[in-house]
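Participant: Sequence:
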Amino acid sequence: MKAAIISLGSVSSQWISNELKKYFDKVDFLQLRKFEVTIDHKESQIFYDGEELGDYDCVYVRGSGKYAQLLRCISSILEQKERIYLPLKSSVFTIAHDKLLTNLYLQKAGVPMPCTYLVSNLETGKHMLKRIKYPIVLKFPEGTHGKGVMFAESYASASALVDAFTALKQPFLIQEFIDNDGSDYRAIVVGDEVVASMKRIAAKGENRSNVHAGGSCVPFDLPAKFKHSAIAAARAVNADIIAVDLMESGHGPVVLEVNSSPGLQGITAATGINVADKIAKFLAVKTINLKKIDSKLLPNLKISNQSKHLSVNIKIRNGKIILPEFLTNATSFREDEELIFEVKKGKLIIERI
Numbered sequence: 001m002k003a004a005i006i007s008l009g010s011v012s013s014q015w016i017s018n019e020l021k022k023y024f025d026k027v028d029f030l031q032l033r034k035f036e037v038t039i040d041h042k043e044s045q046i047f048y049d050g051e052e053l054g055d056y057d058c059v060y061v062r063g064s065g066k067y068a069q070l071l072r073c074i075s076s077i078l079e080q081k082e083r084i085y086l087p088l089k090s091s092v093f094t095i096a097h098d099k100l101l102t103n104l105y106l107q108k109a110g111v112p113m114p115c116t117y118l119v120s121n122l123e124t125g126k127h128m129l130k131r132i133k134y135p136i137v138l139k140f141p142e143g144t145h146g147k148g149v150m151f152a153e154s155y156a157s158a159s160a161l162v163d164a165f166t167a168l169k170q171p172f173l174i175q176e177f178i179d180n181d182g183s184d185y186r187a188i189v190v191g192d193e194v195v196a197s198m199k200r201i202a203a204k205g206e207n208r209s210n211v212h213a214g215g216s217c218v219p220f221d222l223p224a225k226f227k228h229s230a231i232a233a234a235r236a237v238n239a240d241i242i243a244v245d246l247m248e249s250g251h252g253p254v255v256l257e258v259n260s261s262p263g264l265q266g267i268t269a270a271t272g273i274n275v276a277d278k279i280a281k282f283l284a285v286k287t288i289n290l291k292k293i294d295s296k297l298l299p300n301l302k303i304s305n306q307s308k309h310l311s312v313n314i315k316i317r318n319g320k321i322i323l324p325e326f327l328t329n330a331t332s333f334r335e336d337e338e339l340i341f342e343v344k345k346g347k348l349i350i351e352r353i
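Residues 1 to 353 (our numbering) are what the sequence shown spells out, left to right.
Hint data in this document are derived by calculation from the structure and do not stem from the laboratory. Quick caveat: nothing in here was measured; it's all calculated off a predicted structure. Ideal Cβ positions, reconstructed from N, Cα and C, are used throughout, including at glycine. Among the hints, erroneous ones may be present.
Unchecked claim - List time: in silico SDA-like cross-link candidates among lysine to any residue, alpha-carbon distance up to 25 Å:
hint : residue 1 : residue 2
1    : K108      : E351
2    : K21       : D40
3    : K81       : S91
4    : K278      : P219
5    : K286      : V343
6    : K81       : T94
7    : K286      : L348
What the hints assert, rightly or not - Computed beta-carbon distance windows for the label pairs:
hint : residue 1 : residue 2 : range
8    : Q107      : S332      : 32 to 38 Å
9    : D49       : T331      : 43 to 49 Å
10   : E43       : T124      : 41 to 47 Å
11   : L8        : E351      : 31 to 37 Å
12   : I322      : V37       : 42 to 48 Å
13   : R33       : L348      : 46 to 52 Å
14   : F177      : N238      : 25 to 31 Å
15   : P171      : D49       : 33 to 39 Å
16   : Q265      : G54       : 28 to 34 Å
Based on the provided sequences and hints, a complete structural model is requested.
Facilitator: Below is the structure:
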């Protein structure tokens, strides 16, 4: 199998590339800045360092919001190819790099999040500021590492910020302030699992808990409800690998934002978990399943290449479905474990949170 990781060359991307070599026959570490795309009425082509991009079984595309259009374009063209696995759908790069779009997709999927306001002009904004409760958060639609996030304790301070944004022609969002102990949580979602999570604590006198804003982080095993919200957020934006930031509110967990190209250094140091290996192994399994490869790598991945689709007869007693013992044992589910159920007519999917 052949894999490629396309990125800006970050340490985290290099870690993932190194781990991929344990599971793939060949791994290319490609620099995003060396890509170009040609589109005409006949076809779309991707070029890397002046030459047409070769064929891959798996491509993991990463990068900052500055390159969102290029990231989406590359992914969109690759999606048209047969039997190639991409953990991030092309739409992810537009959604995840725009906080407003992220909120819209979260809302559509019913994922809890802070109440967000968008205004079209200064006058409307001033009226909005008079109606909402303080303190509030003002955010730029694009931005990471806690940049572009400001807090206003009163109408006067919020009005001054809105005046400044309007003068600079800077779009902004208004969001409710979640009153807690100054901490939030980051979860790395890989597939249908939270593989690592940590608690981020704001520095003294700072409302932003992001490490880049001076905050600290400690390992933290998220409660089931938080894991469920993180996984739901990943599904909402069509991402198989993503970081989700959450916060505790008075009515449970809320999702603050998602990051389609998360750094791994902080969470790896905090938790001691080799997140890069978790990602690499997941990419290999998904690629094998997609291409139905009889790979020598399967023992290393600790998975079976035998079909998991079984035909069995079930029993229904007192309205309850009774599964055969061997099928129950194969799932490794534990008694009283919280599970996610997807129910449709003629179909039942049970997954571990």
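Participant: So, for every hint listed, does it hold in this structure?
Facilitator: Status of each hint after checking the structure:
no.	hint	verdict
1	K108 - E351	holds (22 Å)
2	K21 - D40	violated (36 Å)
3	K81 - S91	holds (16 Å)
4	K278 - P219	holds (17 Å)
5	K286 - V343	holds (24 Å)
6	K81 - T94	holds (21 Å)
7	K286 - L348	holds (22 Å)
8	Q107 - S332: 32 to 38 Å	holds (35 Å)
9	D49 - T331: 43 to 49 Å	holds (47 Å)
10	E43 - T124: 41 to 47 Å	holds (45 Å)
11	L8 - E351: 31 to 37 Å	holds (33 Å)
12	I322 - V37: 42 to 48 Å	violated (55 Å)
13	R33 - L348: 46 to 52 Å	holds (47 Å)
14	F177 - N238: 25 to 31 Å	holds (29 Å)
15	P171 - D49: 33 to 39 Å	holds (35 Å)
16	Q265 - G54: 28 to 34 Å	holds (30 Å)
The structure fails to meet hints 2 and 12 from the earlier list, while all remaining hints are met.
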